[in-house]
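Line order of the protein sequences matches chains A and B. Its first residue numbered 1, the first sequence is counted upward by one per residue in this note's numbering. Its first residue numbered 1, the second sequence is counted upward by one per residue in this note's numbering.
There is no bait here: all hints are sound.
Cross-link-like lysine-lysine pairs, in silico, BS3-like; alpha carbons within 30 Å at most:
| no. | chain 1 | residue 1 | chain 2 | residue 2 |
| --- | --- | --- | --- | --- |
| 1 | B | K31 | A | K235 |
| 2 | A | K188 | B | K76 |
| 3 | A | K188 | A | K152 |
| 4 | A | K235 | B | K29 |
| 5 | A | K247 | B | K89 |
| 6 | B | K103 | A | K188 |
| 7 | A | K259 | B | K29 |
| 8 | A | K188 | B | K89 |
Hints are computed from structural coordinates only; laboratory data are not their basis.
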Amino acid sequence: MTRTRGTQTLAALAAACVLGAAAQAGEVDHPELVINGETRITVEAPAPDHLKDRLDTIYSGWVFRSKETQALEMDDFDNPAMVFVDKAWEVWNTPDGSEGKSCADCHGAVEESMKGVRAVYPKWNETAGEVRTLAQMVNECRTERMGADAWKYAGGQMAAIKALIGLQSRGMPVNVAIDGPARATWEKGRELYYTRTGQLELSCASWHEQNYDRMIRADHLSQGQINGFPVYRLKNAKLNTAHARFKGCVRDTRAETYKPGSPEFVTLELYVASRGNGLSVETPSVRN
Amino acid sequence: MKPTTLTLAVSLTDTPGDPVEGASIAGSKKKGNCVACHQVSALPDVPFQGDVGPSLDGVGNRWDAAQLRGILVDAKKTFPDTVMPSFHKIGGFIRPGNGFTGKAAKEGELKPLLGAQQIEDVIAFLATLKE
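Whenever a hint applies, use it, and build me the whole structure from the sequences.
Here it is in structure tokens:
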């Protein structure tokens with residue numbers, strides 16, 4: 001087992017090693033995820049190369065949810081996120097802004113033009129000379145090509161359109177590029193991931209790498225993967241973006257958070273996405 | 001063999017710790033919330049005890065009061081790199097927040113997670129956890 005844990009008492013450490021020896025890949029028990037009886041979702045995969053010294057296996061957050069919550073994702077009729085996706089589909093086809101254009105006017109059917117897009121974002125943008133997120137691309141179309149207002153970065157409209165776009169890649173492997181010009185951004189994101197913030201001095205890795213599959217109070221800790229975002233959370237009954245989740249997690253370390261859409265969270269999104277390279281896009285997923 | 005420990009022999013306050021109050025601090029989400037990460041059999045009424053850290057059962061046999069004080073004040077001095085927060089420390093944080101608001105902590109207003117008397121109360125409680 002390459003997952004590193006804090007130095008515990010020797011007895012606890014010995015116990016962890018024994019567990020670790022028996023627990024290579026397949027360490028976490030879980031059912032298979034097949035959506036609508038046809039789309040197979042990879043919820044467990046070997047860690048991507050860049051992560052191999054820290055983890056053997058990566059898991060979707062779905063694996064750690066209760067049977068009831070898991071079931072909601074197995075059929076689109078039960079998935080509460082689909083209401084938002086349907087609304088976004090209308091938005092896709094509805095003109096907006098001073099140019100009187102809809103997304104469809106430039107891109108055609110979302111089912112065709114957006115297939116595979118979610119799987120490779122965030123992505124290096126040659127024209128902009130920086131890594132761009134899907135939300136930034138959407139807002140660029142709105143302000144530059146439609147003459148419409150930018151949507152709030154982590155707001156409901158943005159979450160819904162991202163869910164619609166993400167759905168077109170459902171079942172495809174997450175495959176964000178971390179080399180070439182994206183490398184520097186990725187490295188900044190990695191640094192944030194391992195920085196222990198706030199009065200509780202916890203990093204993303206403190207929970208989601210060192211202690212996944214354990215309980216903090218009533219929460220069963222996952223690896224904090226974002227392959228399923230935007231996610232519908234039962235807790236707030238709406239779609240949630242990855243940046244909103246990052247913000248909540250950082251806040252819970254008793255820290256000053258970064259803002260959704262901030263350069264810091266863009267780097268973090270690229271890095272966290274890359275930790276899920278090999279899992280399926282699962283958008284829109286359901287969590288508690 | 002135990003790791004090198006920060007031992008603090010001198011009590012942080014003049015009032016002896018109160019184990020009953022200490023139990024309440026350890027079990028309360030709003031105070032110490034030790035059970036977020038530790039299982040404690042002596043607190044059967046506290047639901048959802050976590051397992052990020054070792055069970056605290058028998059901890060009164062494993063450590064004396066001076067060692068427990070060190071672990072509580074700043075656990076990282078005893079367990080380097082531990083995820084356990086430092087409960088009586090007010091400096092050296094990266095981006096400290098104003099509680100759980102997500103906003104920056106106000107200059108000079110950061111309070112330790114537990115006050116001196118609360119630390120003594122928790123130590124008194126932990127000392128009762130013997131097997």
